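Since the structure of chain A is provided, determine the placement of chain B on it from the hints.
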Amino acid sequence: MSEIRTLLKARETLLGAAIALLLLAIAARAPAFVAPANLAAVFTDTSILIVLAIGQAAVILTRSIDLSVAANLALSGMAVAMLNAAHPELPVIVLVVAAMGIGLALGAFNGLLVWRLGLPSIVVTLGTLTIYRGLAFVLSGGAWVNSFQLSPAFLALPRTVILGLPVLAWTAIVAVVLALLFFRYAAPGRAIYAVGGNPTAAVYAGLDPGRTMFLAFSLSGTLAGLCGYLWVSRFAVAYVDVASGFELDVIAACVIGGISIAGGIGSVAGAVMGALFLGIIKNALPLVGISPFWQMAISGAVIVAAVALNVRAERRPGRVILRRVDRRATLEA
Amino acid sequence: MALLDTAPAAAPERAPPRSIPDRTGGRLAGLLRSWEALLLLLFAAVFAANSLASPYFLDIWNLSDATFNFTEKAIVALALAFVILSGEIDISVAGIIALASTAMGAAAAAGQPALAVAGVGLLVGLGCGAFNGVLVTVLALPSIVATIGTMSLFRGLAYAALGDGAYTQYPEGFGYFGQGYVWEWLSFEFTVFLALAALATLVLHFTTFGRQVRAIGHSPEAARFSGVPVRRIRFTLFLLTGLAAGLASVMLTSRLGSTRPSIATGWELDIVTMVVLGGVAITGGFGTIPGVVLAAFVMGLVTFGLGLLNVPGIIMSIVVGAMLIAVIALPVIAARLARRWKRRSA
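Taken in sequence, the protein lines are chains A and B.
For the first sequence, counting from 1, position 76 maps to 76 in the numbering used here; every step adds exactly one.
For the second sequence, counting from 1, position 60 maps to 60 in the numbering used here; every step adds exactly one.
Don't read these hints as lab results, they were simulated from the structure.
Because the structure is a prediction, the values reported are computed rather than measured.
Yeah, the Cβ is synthetic: ideal placement off N, Cα and C, and Gly gets one too.
Check before you lean on any hint, since a few could be wrong.
For lysine to any residue, the following SDA-like pairs were computed, each having C-alpha atoms within a straight-line distance of at most 20 Å [what the hints assert, rightly or not]:
no., chain 1, residue 1, chain 2, residue 2
1, A, Lys282, B, Tyr56
2, A, Lys282, B, Asp59
3, A, Lys282, A, Leu112
4, A, Lys282, B, Asp164
Where chain B lies over chain A, by a calculated footprint (3+ residues, C-beta under 8 Å) [said to hold, decoys possible]:
no., segment
5, 172-180
6, 254-268
For reference, chain A alone in the conformation it holds in the complex (with noise of 0.2 Å):
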């Protein structure tokens, strides 16, 4: 009985409802979207946020923020865009890794200052948001990577339908076990929690905060690599600007989710579930005869709202410094 009542109260139930009662609203309007095979391609477009929201969820709950992981997925995007332009004969395999390579190694740069030299990671990550973008620009000198340019193979493998659906959504669902199983069961998903609930605690634990933190942002920047491959195969083109101010919608998808910002609050299944909400109102304005212009007011709206409830629910009962004097004047009468 106690079991069904925390499952009524979680988060991740209230998201479910809120999702489903958007469904039941779209479909009143527009009954097409909810066919499955229209849901499979929604859940597909909104893969590449889910992965993302992932790694950010990783960050976001040890305290950090990291604001550089749509320009990581730019720069790792167009260096292998590039790579494969150069050299189609490499295996697509090869260019995978290497996206995830030089996403970690761009992420672990974000992690090592906020770890090594304890740097806020607001503040590093606006940085290296501008140096990444920039780094795409001086590698490609401004130019486009177009699809003619890019071989078969490389644009092939997120389309490739495995059991009715692409790899592109397989990889989000692969992403999305593995994370669970990474948060629940892994020693260093663990010590995300641990660090982020209670830095002190777990440094008595035996826990080293900044060196969790260095994970997570290796996690988000290797995850971050990962995208930019899919990105930029499965748009067919890589420029400067691809995913540009990405980063604030998968910091959205993890707070819609339910994850607190200050850190140790949340789960992978809601910042899953935040990612598909936005996934579905940006694939559903369209449908509903809402001008896309509006969707980013919508979401801006939505986190706004997302974050009133989430604070109001884990909100401790706060102390009164100073009472006001004629109230007290009155008790004590």
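Below, chain B without anything else, positioned relative to chain A:
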């Protein structure tokens, strides 16, 4: 934010001081070793490098032109410095500029005169600031996520209103705010910036309000125990930052003579960089307005100088990003080296 709680391993190295002096050290010595002195040196170096690199640099009109590309950002930075000093942050400033600009475009399209159009811009800025203030104080949301949300909300509303269109018709006289000159080469924008910088210095360093802002940044609880109205002051700071963004929007819109929803994209980064480069601690409590002003000049000169040398804008943003990380990393590295050196010599 990513601040580690002090781990037990990192115990304080010195015993707490017995006496608590009102001022530390000799004033002149402190001044020479300060962050501001370093910035001044950097400013002189950049200035000298620019005049050597380009023969067109040392021209009074050229220098006057150079001020335009940073005064609008610097005006917002002055206000944002107070917000950051109080331990909060506002990432939505560029979004406010876009929304205020869109509202001004609509007002101009409705046939309003120049002053009314500018008034609309300031009011929208004030409204956005109040909205942020309510989120952070009344609803007690963490300012970083709240303003990431309102950043998309404000700019999103500008996109929703304008789409891929633009407002390009502004009334007679509106151009003065961004293109006018008060005297010879002294522009209206720059004059307003200097006046506001003086005002901000006065308020932060010579009034109770300024001390209260810094007290909140050091410890909101201790400030509240001391009777500082923490929430009211924080609300005021967000309100003022909104107003400053509105003012910057008036100037920018007037200077460009057009409004698109993408106006001032990425400015939040430049503005936050200005404040942090100016020596304001991102965690609150420490920092000065002269530092922020100097940082604005340094950044303005660096980007302008690179522009004279035909360096593309995106390369400049690499420089800005690297500067941002370098200025916060260098003191940490320097302190660590000094400690190691001291240990070795001891």
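Quick rundown of the hints versus the structure:
no.: 1; hint: A:Lys282 with B:Tyr56; in the structure: 50 Å, violated
no.: 2; hint: A:Lys282 with B:Asp59; in the structure: 51 Å, violated
no.: 3; hint: A:Lys282 with A:Leu112; in the structure: 35 Å, violated
no.: 4; hint: A:Lys282 with B:Asp164; in the structure: 18 Å, holds
no.: 5; hint: 172-180; in the structure: violated (count 0)
no.: 6; hint: 254-268; in the structure: holds (count 3)
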